[in-house]
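Asker: In order, the protein sequence lines correspond to chains D and W.
For the first sequence, the numbering used here assigns the number 1 to the initial residue and increments by one for each residue that follows.
For the second sequence, the numbering used here assigns the number 1 to the initial residue and increments by one for each residue that follows.
Everything labelled a hint here was simulated from the structure, so no lab data went into it.
Be aware that one or more of the hints could be misleading.
[Unchecked claim] Straight-line Cα separation of at most 16 Å, EDC-like style, residue types lysine to aspartate or glutamate; simulated pairs: (1) W/Lys207 x D/Asp208; (2) D/Lys125 x W/Asp182; (3) D/Lys125 x W/Glu187; (4) W/Lys134 x D/Glu187; (5) W/Lys125 x D/Asp208.
[Unchecked claim] Label pairs and their computed distance ranges (CB to CB): (6) D/Glu88 x W/Ser137: 30 to 40 Å; (7) W/Asp19 x D/Arg80: 25 to 35 Å; (8) D/His192 x W/Arg118: 39 to 49 Å; (9) D/Thr55 x W/Lys40: 17 to 27 Å; (10) W/Asp130 x D/Asp83: 19 to 29 Å; (11) W/Leu184 x D/Arg154: 50 to 60 Å; (12) W/Glu58 x D/Lys134: 40 to 50 Å; (13) D/Glu149 x W/Glu66: 47 to 57 Å.
[What the hints assert, rightly or not] Here are a few chain D residues that sit away from chain W, every Cβ distance over 12 Å (derived from the structure): (14) Cys42; (15) Pro85; (16) Arg153; (17) Leu204.
In this text, a Cβ means the ideal position worked out from N, Cα and C, and glycines have one as well.
2 protein chains.
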Amino acid sequence: MSTTHKKRKAGSRRAEIIDKATDLFLENGFSGTSMAELAKACQMQKASLYYHFKTKEELFAACITEGHACSLDTLETISRDEDAPPAERLRAAIANLYQINVDSKVGRMSPLIAEVSRAIPSVAKRFHQDFMVKEQSLLEKIIDDGVAEGAFRRIDPPTLRYMIVGPIITLSLAREMFATFDNLDQECPADHIRQHHIEQILRLLAKDGLSADREA
Amino acid sequence: MSTTHKKRKAGSRRAEIIDKATDLFLENGFSGTSMAELAKACQMQKASLYYHFKTKEELFAACITEGHACSLDTLETISRDEDAPPAERLRAAIANLYQINVDSKVGRMSPLIAEVSRAIPSVAKRFHQDFMVKEQSLLEKIIDDGVAEGAFRRIDPPTLRYMIVGPIITLSLAREMFATFDNLDQECPADHIRQHHIEQILRLLAKDGLSADREA
DNA sequence: GTCTATACAGTGATAGAC
DNA sequence: GTCTATCACTGTATAGAC
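Let's have the full structure, built from the sequences with the hints guiding it.
Answerer: Have a look at this one:
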């Protein structure tokens, strides 16, 4: 507290940089975000950033991997709770997928990854391994359990996965694309889709004859 | 032919620039693509680009709007063919949506739009109006006709739209994100999803009792 | 661990000859 | 309509004081 010039909070200035950087990357893209801009947002000097991160690419990688790695906890809990009724588990899981992919920062990073994937392939690799694969396998376990219990109809796994995750990711992407629209919530009605999508998935998974429970 | 220095093909050098620029933008993003790089790809001088386009942003806008505006022709034809059986029309429509969004350049631009949307909101607006809205309404007409004919069950339109377009857009996005992977076709099995997705949509739209036609 | 100062390559864009 | 030459500026990254 005596030697340094500006020490805002104890310890992890690094975490603060990652947080601010993530916001800026999400808003302006990777190339569209400058270290100067980030420095200003952190109220520090450009050069100081390079004490914490050797390069801009390394900083970006940290935003992807360290920044929000704990996001799958809830999904993991749901996945482990094998006693709950399959439909309720799936309902909870999909609700959580919306939260992860639409509400939180990690899930909104897909367009960013697409932007830098050619220039920094390792980032795409990490994002895939640390986030997407885990998310997928947790979801798949929940469905598999339901099928094993006889509660769900068996559907080709990759296809079902895309029908569950597809609308969610697309909603997230659309909200990034049209972030500046006045009527964003009309164009991309997040809550509406969030509520109705799950019902259609359950209808798909329902065994024949049980599917007439609900009319949209 | 006598006055100019290098006149490759007659007339539309402009179209060539748009074409090359689109490729580079798709590969490296907007900020990640420099005018110098583009000039080299077009085998011309940087300054010459500015004869055709006042700014880089204007060039980008041209890539979005002019470059690939005619892509909805097939979908339009399908949409107009009201005598064909609804299921066949929808099948053809979805197949075309895959072609537009996964195979062609327009559909792969979504992450790009997301990147520049905050900096150049007009581009997002144009893309939305000229492409997405049209695509959506053509699709909706096909479904509405099927419902009117009594062939399809009625499903909440925005939800159904996301369940059709969501997996397609997400497949496209994933292929951009993981473009550098060796096993891209394993990770993002485009053909597989393309074939099976449509069957699930038809099951969703099938009236009760008719849905036992097929097992995935 | 943060600062000031700076290197220097690359950026979008312009001027003016041909 | 394309060229050469050049502009003013911003980009990432580094050196060295404190």
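Asker: Of all the hints given earlier, name the ones this structure violates by number, lowest first.
Answerer: 5, 7, 8, 10, 11, 16, 17
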